[in-house]
Amino acid sequence: MLFFVARKLLYIVPVLIAVSILTFVIASLLPGDLAYVILGDQATPEKVAALRHDMGLDEPIWLRYFGWLWHILQGDFGRSFRTGQTVLDAVSERIPVSFELMMLAELIGLAIGVPLAIACAAKAGSAFDRFVTSSAFGMLSVPTFLSAILLIYLFAVELHWLPATGYVPIAEDPIANLRFMVLPALTLALAEWPGIMRVLRSDMIAALQEDYIALAKAKGLKPSRILFVHALKPSSLTLVTITGINIGRLIGGAVIVETIFALPGIGRLLVGAIYTRDLIILQGVVLLVAAGFVIMNFIVDMLYAVLDPRIRHGHA
Amino acid sequence: MSGVLLSVEDALVELPTPRGNLRAVDHVDLTVDAGRTLGIVGESGCGKTMLSRAILQLLPKKARLSGRVMFDGQDLTRLSPEKLRKLRGRSLAVVFQDPMTSLNPVLTIGTQLIETIQEHLALDLAEARKRSVELLAAVGIPAPEQRLAQYPHQLSGGMRQRVAIAVALSCEPKLLIADEPTTALDVTIQAQILDLLAREQRRRHMAMIIITHDLGVVAGRTDEVAVMYAGRVVERAPTPALFKQMRMPYTEALLAALPKLDAAPHTPLPAISGRPPDPTRPLKGCSFAPRCRYAAGRCNTDKPVLSRAETAEHLYACFHPIETTASGRA
Amino acid sequence: MATLELNLAEEAGSAPVRRAGRLGVLFWIAIGWMALVFAVAIFADLLPLPSPTDMDMLERRGPISVEHWLGTDGLGRDELARLIYGARISLIVGLCGPVIGVVVGGALGMLAGYFRGRFESLVVGSMDVLLAFPPLILALAVTAYLGQSIFNLTCILGVLGIPAFMRVARAATLSLARREFVIAAQALGATHTRILLRELLPNVLLPLLAFFLLGVAVTIVAEGALSFLGLGVPPPISSWGSMIGEGRESLDVAPRLAFLPAAAMFLTVLAFNLVGDTIRALTDPRQGAL
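Residue numbers (full-length UniProt numbering), protein chains in the order written: chain F, 1 to 316; chain L, 1 to 330; chain S, 1 to 290.
Don't take every hint at face value.
What the hints assert, rightly or not - Here are the simulated lysine to aspartate or glutamate pairs, EDC-like style, with alpha carbons at most 16 Å apart:
1) F:Lys222 <-> L:Glu119
2) L:Lys244 <-> L:Glu323
3) L:Lys284 <-> L:Asp26
4) F:Lys8 <-> F:Asp301
5) L:Lys303 <-> L:Asp26
6) F:Lys233 <-> F:Glu210
7) L:Lys83 <-> L:Asp26
8) L:Lys86 <-> L:Glu119
9) F:Lys217 <-> L:Glu119
10) F:Lys8 <-> S:Asp128
11) F:Lys217 <-> L:Glu82
12) L:Lys86 <-> L:Asp72
13) F:Lys222 <-> L:Glu323
14) L:Lys83 <-> L:Asp72
15) L:Lys61 <-> F:Glu210
16) L:Lys284 <-> L:Asp302
17) F:Lys233 <-> F:Asp308
Claimed, not checked - To spell it out: a stretch of chain F is covered by chain S in this simulated footprint if at least three of its residues, at any positions, have a beta carbon under 8 Å from a beta carbon of chain S; those stretches are:
18) 184-190
19) 224-236
These aren't lab readings, by the way, just hints derived from the structure by calculation.
Beta carbons are placed, not taken as given, at the ideal position from N, Cα and C, and that holds for glycine.
Full structure from sequences and hints, please.
Below, the structure is given as structure tokens:
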């Protein structure tokens, strides 16, 4: 187990370094120069040259990279030249919103996907199973921004049940917060449940063919115990894997959903930075999101190892 | 110690396949008396596993079963799922072939034992635990208390099969079906497991069916043997009688296929030539005829029925049985 | 026992929705819809359509009429024309992107699976770096720095598809490279190039093709998402995504402006998914689940 953790940890360090290089390289793709972007209309060649020198842009790219990395390792991700806010401040201010959104979405996704998967696996091949499976397949073809529009139209424009956009911090008014969060989270969940359902269903159907299920039946166990303990428990490991795979899509979906529903999360910060060409914020957010994504995947791997007795006891 | 415990009457199992109906079990009659041991022997694919699944009512959903399976005075084929469930694990237990796959990999040994005990016997958790420890000790597992918290993958194959036997014995069943209980194990372990089964069978006065492809397995450990071929019972006799004088050429071929310790080095292993018939295309005559060296005449046109030989207990289905003095045959 | 077990496993297969060999009505409907979208996109210039970019401020959000079959959008542009020209963008980006992915990813995957060793580690490692970014974030960042254009958009979405194609090609190559026909070719002294192109490529191609169609669906969605955010194709070019984004502003008065392109996109994505999934199920019946 310790060996497993150490090996995984050793792997994510080079990945994180490569991620930082790639982020830096992408930011250097900017046609023209950051100095021009900052100075905008007032750019005179002298001013540009002066700013370039101040920002160290006249140095070779690898020197600039190490300078940038050095600052980052000290916790300095830069500062917006539009608002003056530091990247870390801007991100930490918005993380709770994105986190709440993604957690809610995953919970709703699981709440829809898991019971459906169990029901379908128990009645595999039935009309119910075929209906749910086809619906899930159809839902996989509905992009997030599409279901967002549909939900807004239905619940905000037509029925007036929920607000279309806006946000209240959870500390201020939990009920109002939830009212603003329901539609965005549901939008993301609609994209989540088909994957959860499909994978868990096929996994459970496979589990139900196993010898140990035949033995469980031969032992005279109750059908509910066979389904929920003997079949679901081995398959539930898959759930952890799916959740891990979903994180990337969830982050992408959060960007879109936060923009549509005007939630002040990381995604909206990122899109806003692109709209206003606030490139320091953009670079910092991309790096932080990618690093966070790598670390979350690491945690999912660890969770998997903890849950699976075979890996836990070193039989990987 | 008498009276019929299980009687299978005219059992027929058919499985629909894309190539047509597959007749896995073809009009089989069997009886097992309380406390007695029956061996069912046959090659792979002869239907012996399907027969055991038919007795347990654990056939695949698409399979069709006709005939009766009378167990302890009840017809299992007509029993409600709930009544059947109360019977399984309680008075009708099973040990499967492969202990690597028949124990749930993510549940502890203790859970898998205790859940069976608590399902059928009115014991609280502490009592069920105590009983589990006793059972593990009885099947020869060292340090049984520590095993309860372990997972199957932490045990060797032989140990796992002992656990599976402990699970089967947990509620003192009247009948234990052991379906190829040693096939997946190392040769050195096989005899231990078989002796364990035989010992527990005698100690608990339960009836037992041992299903195997190995005539050697049933030789000293069963009261009666039924030989199956292509879904049918082709010879049935008390074990000593069978080994003294087998009448069906197939039984003889099975025995000949056993490797012999006293054979000279580099003797090729005798094998039964040819393959069993396609179970979706039943033959008109005797199913074994294409592979039988005695086959002649009506062997290819008529099906021999299971009928009595000189003693009442010895039955076989053959037109040209092996004679006591095997001379006039070629 | 072989036949019996086979049969049990089949029974276990829990009645797959589609049976191999029979493609079903849905498959042909999907093909039909794809053909229709392709046809109108290719022949858009020949169709008697109003210009998709001519604005008519007097006829904003105009209703369905003889002149404008599907009405006009918020700037008085013909909705049908914009839909059809939008199909062009979706198909260009949706097809060209995965082509980059399938060519680069397929080649890398085959080479990695065939030569193994350091090269394989390097390829797999660099794909892990690419996968370390949530895909949409990377696409947004790159288009933000490189500037919005159809070319840039296609390139970045194509690059993002490389890891997935690499995996498919590598997995297929790995399993094939041990087969007798490859070993026989090696024993006969065939060159690596010959083995890769003549022996392996034809066998890797089919799984790649099935995955390509699924990749098209994913890319159309990604392009739509970026354009929806106003960060995909630059205006005034119409794209389904940007039309949905613009239609969002008038959901209360003219929901059709968002729902028409939404329906077009949904049906197209569904068609590609359906056809791709069917072909994958046919080529690899064991992996029907994921």
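Structure-based check of all given hints:
1. For the hint pairing Lys222 of chain F with Glu119 of chain L, the CA-to-CA distance comes to about 8 Å; that is within 16 Å, so the pair holds.
2. Proximity of Lys244 of chain L to Glu323 of chain L is assessed by CA-CA distance (about 12 Å); at most 16 Å being required, the pair is judged to hold.
3. Note on Lys284 of chain L and Asp26 of chain L: the hinted pairing holds, with a Cα-Cα distance of about 13 Å set against a maximum of 16 Å.
4. Our distance criterion of 16 Å between C-alpha atoms is met by Lys8 of chain F and Asp301 of chain F, whose separation comes to about 8 Å.
5. Between Lys303 of chain L and Asp26 of chain L the alpha-carbon distance is near 12 Å, which keeps this suggested pair within the 16 Å criterion.
6. Simply put, Lys233 of chain F and Glu210 of chain F have alpha-carbon atoms about 13 Å apart, close enough for the 16 Å limit, and the pair holds.
7. Under the criterion of a C-alpha separation no larger than 16 Å, the hint pairing Lys83 of chain L with Asp26 of chain L is inconsistent with the structure, at around 27 Å.
8. With a C-alpha separation of about 8 Å, the suggested pairing of Lys86 of chain L with Glu119 of chain L holds against the 16 Å cut-off.
9. Our distance criterion of 16 Å between C-alpha atoms is met by Lys217 of chain F and Glu119 of chain L, whose separation comes to about 12 Å.
10. For the given pair, Lys8 of chain F sits about 13 Å from Asp128 of chain S by alpha-carbon distance, which is consistent with the 16 Å threshold.
11. Between Lys217 of chain F and Glu82 of chain L the alpha-carbon distance is near 12 Å, which keeps this suggested pair within the 16 Å criterion.
12. Pair hint Lys86 of chain L plus Asp72 of chain L holds up; C-alpha atoms about 13 Å apart against a cutoff of 16 Å.
13. Between Lys222 of chain F and Glu323 of chain L, the direct Cα distance comes to roughly 53 Å. Violation of the 16 Å bound is thereby established for this hinted pair.
14. In summary, the hint linking Lys83 of chain L to Asp72 of chain L is supported, as the alpha carbons are separated by about 13 Å, within the 16 Å threshold.
15. For the given pair, Lys61 of chain L sits about 15 Å from Glu210 of chain F by alpha-carbon distance, which is consistent with the 16 Å threshold.
16. Distance check on the hinted pair: Lys284 of chain L and Asp302 of chain L sit about 6 Å apart at the alpha-carbon level, within 16 Å; holds.
17. For a cut-off of 16 Å, the pair hint linking Lys233 of chain F to Asp308 of chain F stands: about 10 Å separates their Cα positions.
18. Counting residues of the region 184-190 of chain F whose C-beta lies closer than 8 Å to any C-beta of chain S gives 0; at least three are required, and the coverage claim is violated.
19. Chain S is given as covering the region 224-236 of chain F, and this is violated because 0 residues of the stretch bring a CB closer than 8 Å to a CB of that chain, at least three being needed.
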